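The hints should help you fit chains Z and S onto chain L, whose structure is shown.
Protein chains in written order, with this note's numbering: chain L, 1 to 350; chain Z, 1001 to 1368; chain S, 2001 to 2336.
Careful: at least some of the hints might be erroneous.
[To be verified] Quick list of the computed label-pair ranges, beta carbon to beta carbon: (1) Z/M1157 <-> S/A2026: 37 to 47 Å; (2) S/N2237 <-> Z/M1157: 53 to 63 Å; (3) S/A2026 <-> L/L282: 30 to 40 Å; (4) L/R347 <-> S/K2219: 36 to 46 Å; (5) L/R313 <-> Z/I1055: 38 to 48 Å.
[What the hints assert, rightly or not] Under the rule of at most 25 Å between Cα atoms (straight-line distance), these lysine-lysine pairs were calculated in the DSS-like manner: (6) L/K270 <-> S/K2140; (7) L/K124 <-> Z/K1046; (8) S/K2145 <-> S/K2163; (9) S/K2266 <-> S/K2281; (10) Z/K1366 <-> Z/K1010; (11) S/K2140 <-> L/K266.
Don't read these hints as lab results, they were simulated from the structure. Predicted, not measured: the structure shown is a model, and the values here were computed from it. Note that the Cβ used here is the ideal one computed from N, Cα and C, for glycine as well.
Here is what each chain is made of, one letter per residue.
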Amino acid sequence: MVSFLARRLITFIPTLIGVLLITYLIAYAIPADPVRAWVGEKLMNPQTLEQIRIKYKFNAPWYEQFVFLVQQLLTGQLEDPVRHRNVFTEITSRFGVTVEVAIVGFLFLIAIGIPLGLLAAVFKDTHVDFAVRIMALVGSSLPAFVLYYFLILLLFVYTKTTYLAGIPEPTIACRTTVSILPQRVPVLGHLASALGNVPMFAAMMCGEFSVVADTFKRLYLPGLALGLLNGGFIARIVRNSLLDALSAEFILYGKARGLRRLSVWKHALKNAMVPVVTVLGLNFGGLLSGAIIAETVFNIPGIGRYMYEAIMRLNFPVIIACTFLVAVIYITVNLVVDILYAVIDPRIRY
Amino acid sequence: MEFVYKALKKVIWFYAGIREKLSRGWITKNSSRIREWELMAYAYSKSPIGVIGGIIVFIVFILAVIGPIISWEPYWEYKIVINESYRYMPPCLTPSCSGNPLLGTDEWGRDVLAMSLYGMRISFVISIVVVLLGAPLGIVLGLLAGFKGGIVDEILMRVTDIFLAFPGLVLAIAFASVLPQRLRGVLEANSVLRSFFASLFGLREAEYGQIAALLSIWFAMVIVWWPGYARIVRGSALSVKEMPFIEAAKLSGLSTWSILFRHLLPNVISPILVMMTFDIATATLFAAALSFLGLGPQEPVPELGFMISKAGQFFPERSSHVVVYLGSLLLFIAIGWNLLGDALRDILDPRTRRAIEYRFEKEEKKRG
Amino acid sequence: MESRLYLPEGEILRVEDLVVKFYTYAGVVHAVSGVSFYVKNGETIALVGETGCGKTVTTRAITRLIESPGRVESGRALFRRPSGELVDLLRIDTEILREIRGKEIAYIFQDPTSALDPLYTIGFHIHETIAEHSKNAKKKYTFKKAVELLRQALIPNPEVRVKNYPHEMSGGMRQRSVIAISLSNSPRLLIADEPTTNLDVTIQAQILDLLRSLQEQYKMGVILITHNLGIVAEVANRVYVMYAGKIVEEGTTEQIFYNPQHPYTKLLLRAVPDPTKRVEKLESIPGVVPSLINPPPGCRFQPRCPFAIIKCASEEPPMIRVEDEHRVSCWLFEKS
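One chain only, chain L, in its complex shape (with noise of 0.2 Å):
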């Protein structure tokens, strides 16, 4: 098992590696005017084009380009040209947020798609198995914004109900003290500090449940809606899973050493667990995707949001560091999954 862990945190650097240079090349190679494309397409003075030039090493060779870029993705130090802030503060506060309505939807998915798919297996062929495919369909063929609006019109429109503008924060009290937790705590507490970074967390952290509650109010709505569009596919999976196990031999031969009925499903279940969780893990990346969406539609100040005003404005800095961290967090949480994956099944560990 240590050897699979060493194993797969070594294949995490060279993808690393990898990610920076896609970036790289999004960010020097393929722009026919990377200044123009840094800049936006405002018209500047001609020093100061000539100024971030220099700065950005526009006129260097590429390896020159490509360390700088590495190293000011690494140190968090990208600048943003337009408004001489580092884009890096930005990101972090906004991207909790992303993480925050990505997990809601999680959990809508799995409180969703998982009961579905166990009771499309049980009642195998009747109404409601029926029922799950036609939402499966439905979920993969509408267009995730179609079903935001149409939510917003359901619940807004015509039940009146309202939300806050902004996102349910922990006190600054707790804030403060996630934040010094690396100093108190070496690895631990830089771990529970980044974690921190989600609103959601830090104030499970400190304890203050109202906050989290009042996440759940805010974000309900588009974690409904990504549950609802991916849960028809999860539950059809869970079934097609949950099937196969049960048809599996050594269900027979444990109905034939006299297991009881509970036991029996205990098998069942532990193995069709694992497609699922493997399908759950790659599904977590569309989340993250759907989460830019939905922040889009309902005005929730995420990482999505700040990319998709960057894309309007061809603010290019944010979008290269965006589409970097977002890639790290991605690859971060694939990592997890391959971990849990080999947990649950021993056949992996090799």
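Same frame as chain L, now just chains Z and S:
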């Protein structure tokens, strides 16, 4: 569904007839293959979701091809320039209303229904070409990697890993925001390309800047799409290459390409075809999402996702009709492809094959 | 409303007129059509026949392990429990049946790899089998017992192996593990479904020896399913020859081997080449196993039988006594 089967059978035998003319004896040599096709055509005709999906896709195809031609309102004219009140007119459905556009107007006073015909062409072209470019690219690379193994495999795996390290949408956003600059320059310079792409998308050459944006979405999506196929094909290739018949092919001295395409590929193709069909649906929605976020063509090009995003600003008071109609259109297109993919997956599933064959033979006997 | 259950002294299982049907898309498959046999304490009977003749279905039907679209239509399976109580396995309460399964009647499935849950260790499989049949089985006790059982099954390093997952073992070891699991609760009846078919020939011999010694040790009755006559000759006391869902001949091993009566039995024996003799051609039985969807009237072997007479195509022969314990279902012996 009898007529579906009869129609498909005519197509199969028409094709067989042509091949026979080209090389005599083709029919007898390939009789089992022809039977296989007949079996699949039968299975398809018996699948209600397959037929419905096929009909939807057919409708979409027709609309996409003739859309820009039959559209009665040119998309480049902003009606609101004439009269402000044209903006976001509600749908004119009841008999009492007449003369106004059936499904209302959009931000610029244009008939939404007419605009959607242009939009369908754009969506259709993008989704089809992305899959038809991205899939083969990934397939070929995957076959190579799986078959050759060793260094080639390792390199390819690292590369796909890197691309797969980005969530698809994010990667596409990043590429689609940088590419327009470059592509715009290319289109500006090259008039042949300009006119080609303009006619492909049903737009005017004057909008080449927006076409550059469309092409950027295209490229960005192809970049996002190919690694998935490469991974899956590589996996299948790895398991198939150990089989004796591949070794036999190697021993008889066939070149690598021959082995890859005539022996390896046909054995891994079925799940790939299913995946491609589903992917066309996904690509349609993905392109719409990218346009929704503002990465695609801007006004006046009537791209479906873009029109929805513009309508979103006035939602829900004035523009709900636009969102509902265009959203339903996208839903309709995606459902068609998804149903088709579902049906294909059922047909190509080896487990249900015996049952299908049995019923097929029974019906053949009945027909005498 | 049951008639009084009766089992002759010394018998542990008696199956009477078992009928199993499968309701499929292609029609109703008559998998087992009136099979009867018995097993005595401490003896090994062999169920022999080609693939698809219904051997496995028969043995699974006894403890109602047949799943949809299959159904046990009729018949009786009388079993003498350790307490002395006689039950009809096909009619008793499901909870009692569950008690019997795995404790008093144990199975060895044909493919050990698919029989084991890949997510659990061998030790857990044994622990589970024991724990589900007793009130308070502590893990410490069951795992110690597991090591013992694995040792008995001739698995080297049982203390290490008990913590292994199925994929960490070789095929032979997996089969031995399955044997160990089946013996966890010292069953009175062991049903071994082709226990050596998927193994190397060298391991086959070991497994057979193991089964034989364990049978002696535990004093079990054994039903051995196989299509390999060599194994039958080695370990079986009595043989039942099955064809197309019916038993066509039954007798002691010597009777079947030295005095086969049914044409099918004779052809089966002829098909096994004698390694000491030179042969020009390998014998096989011409034709194919019939479809059991609409069985034709008369003897089911008739289409392939080289000795068929007119009567065979219209009427099914009953079981006719050849000698003590030796019966055959064939019109050719009506006279005797």
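Outcome of the hint check:
no., hint, in the structure
1, Z/M1157 <-> S/A2026: 37 to 47 Å, "holds, 45 Å"
2, S/N2237 <-> Z/M1157: 53 to 63 Å, "holds, 59 Å"
3, S/A2026 <-> L/L282: 30 to 40 Å, "holds, 39 Å"
4, L/R347 <-> S/K2219: 36 to 46 Å, "holds, 38 Å"
5, L/R313 <-> Z/I1055: 38 to 48 Å, "holds, 44 Å"
6, L/K270 <-> S/K2140, "holds, 24 Å"
7, L/K124 <-> Z/K1046, "holds, 21 Å"
8, S/K2145 <-> S/K2163, "holds, 13 Å"
9, S/K2266 <-> S/K2281, "holds, 17 Å"
10, Z/K1366 <-> Z/K1010, "holds, 20 Å"
11, S/K2140 <-> L/K266, "holds, 22 Å"
Figure legend: structure checked against the earlier numbered hints; every hint is met.
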